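Using the sequences plus the hints, can you model the full thing?
From first to last, the protein sequence lines stand for chains A and B. Start counting the first sequence at 3; every next residue gets the next number (this note's numbering). Start counting the second sequence at 883; every next residue gets the next number (this note's numbering).
Hints are computed from structural coordinates only; laboratory data are not their basis. Owing to the predicted nature of the structure, the values given are computational and were not obtained by experimental measurement. Keep in mind that the hints are not guaranteed to be accurate.
[Stated by the list, open to error] Below 20 Å or equal to it, Euclidean Cα-Cα: the simulated EDC-like pairs (lysine to aspartate or glutamate) are:
no., chain 1, residue 1, chain 2, residue 2
1, B, LYS1006, A, ASP332
2, A, LYS62, A, GLU73
3, A, LYS229, A, GLU54
4, A, LYS62, B, GLU951
5, A, LYS185, A, ASP174
6, B, LYS1006, A, GLU113
7, A, LYS41, B, GLU951
8, A, LYS41, B, ASP1026
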Amino acid sequence: MKRLIALGSALLLLAIVAAWWANSRQPKPIVLIPTLTGKPEYCLTCHSDLPEISKSHPIKTFGCVICHGGEALALNADLAHSTMRGGANPSDLSVVQESCGGSSCHSGTAEQNNNHIQRVLTSVQATYAGAITNILYTYGAEGDLTARFGIRAVADAQVTTSTGVPALQAFDPAGASNPAIQKFAVNCLFCHLNAQPLPGPQFDRLSGCAACHTPGIGSLPPGQIHKLTTAIPYTQCNTCHNRGNYDLRAMAFVPRSDQPQAADRVQNYYQPIAQFTKCEYELDCIDCHTRTEAMGDGDIHSNETQIQYIQCRTCHGTPTQLPSTKMLTDPNDIAFRQAQLNPVVDLELGQTVIVTDKGEPMWNTRVLPDGTYQLVGKATGQVFTFRPVMGSGCTQNGIDQSSAYCHTCHAVQR
Amino acid sequence: MRSNAEMSNLSRRDLFKLITTALLAISGALGLGALFRFLDYQTDPPLKTAFDIGPAEDYPAGSRSLIAEVPALLIHDQNGFSALSLVCTHLGCTIAQNGTGFACPCHGSRYDADGNVLRGPAQKPLRHLRVEVGSDQHVILHTD
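Below is the structure:
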């Protein structure tokens, strides 16, 4: 009996010492109480070396947990990370509503210009509806090119355009009898914003918002840094676009043979077969293509041509018409918010900028007093000046404005 | 008189008893220490809502003083002291002075000198904070 008591007391002491030791090994927590939540979180205890993700999301205001989830008060890494949303990518579209949503954040209204999530979820970049529809039509599984399937099911309660469709079902290749369609499902469904990313840390942030807004820098692979930006360089767009071709016979993706990236931008920008003008490789994609084109207009479209509307004439006009412009007179114009997020220009009330056919201000442009135009690169800050077509020697029919017509005379040689 | 064997047995028993007692005593002491530590645990203090920003004489009439700690702008005019919160009403970023008004560095909201919204996305004007001058003539800003 006495021996049992002695053994018990020894074990008790051992347990207490072990508990003290374990407790003494816990790091002293660094407490952050973000303004937005008012709730303490200890994430900075281990992550104080991370750079601020963007000036729109300062850590003192947002903290970490509101976007990433996780156990705010845990000091054990496994426990702290156990309930994180989306793993390394809280912007993955499967969790984006919880991570980035909210009426004051990114799931507001079209009127407030902050319905980003609804637009992206219905955009062709997320649904992949164009490719799925084309494949189904090509192999006789559908009778026309109207989209009925996307990578995931999605619905649009308010169709506002003539090409919008109300809903897509989730594409299920199990029901397809054609082996080409099944192969397409196996090989070609990884590269869209709503797809399950390929395995590997280099693919972790190539879905959802991060796929575009978290560009890699220097030698780091895309998405491996703590950063969100609207200054998206063409190299990030090329992470998905211009990086290869689909071989429809093998139903497989064939990467470009001239990669890794050439040092020369003119060689690097497009695939070797592509034709383009000087401005199409000197500028970054986002200098011309609008957020509506990239992130959608809120409607579900059957293919990308239904949402692309920027053409050469948007900035250059036609032989008979100058580009559309407008003077910024409303301090709440979206142009100011966009310029504030990416301050490459000092936009002021009274300034005249080019507008798209949909009336969107191209906030990085301005009309100069001599009738020429200026564009500032959103990713580079580089200043470009250009003239309108009107008054030049161009005799192109004003109606024929697809890029192929302009390339006939203005394509660069490589 | 005890034999050597008896002495040895007794010593071992005493030693055994002593060790057991010592183990229990140390365990008890450590356990009590842990208990006191548990009972004495202090939660994080509630968020501070009253800020003593020093003597009123440091803020002469006509002054507009940035109080970064709050953050707020303390205004001393002919009507006495008043204060504007410098927390943006959109998402809570700390705004900065911009000309005669204020601008939010996060999403670009602008406010005039009185805190009224000039440009969104903020919809509400800046909060006016309660200012009190204590009996020691110190200025207290209240954020609640």
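Status of the hints after comparison with the structure:
Under the criterion of a C-alpha separation no larger than 20 Å, the hint pairing LYS1006 (chain B) with ASP332 (chain A) is consistent with the structure, at around 18 Å. At roughly 18 Å between alpha-carbon atoms, LYS62 (chain A) and GLU73 (chain A) fall within 20 Å of each other, so this suggested pair holds. This hinted pair checks out: LYS229 (chain A) and GLU54 (chain A) have alpha carbons roughly 7 Å apart, not beyond 20 Å. Pair hint LYS62 (chain A) plus GLU951 (chain B) holds up; C-alpha atoms about 13 Å apart against a cutoff of 20 Å.
Between LYS185 (chain A) and ASP174 (chain A) the CA atoms are separated by roughly 12 Å; this keeps the pair inside 20 Å, and the hint holds. Only pairs whose Cα atoms come within 20 Å are accepted, and LYS1006 (chain B) paired with GLU113 (chain A) is accepted, the gap being roughly 17 Å. A C-alpha spacing of about 19 Å is found between LYS41 (chain A) and GLU951 (chain B), which places the hinted pair at or below 20 Å, so the restraint holds. Taken as a hint, the LYS41 (chain A) and ASP1026 (chain B) pair is honoured in the structure, with Cα atoms around 16 Å apart against an allowance of 20 Å.
Of the numbered hints given earlier, the model fails none.
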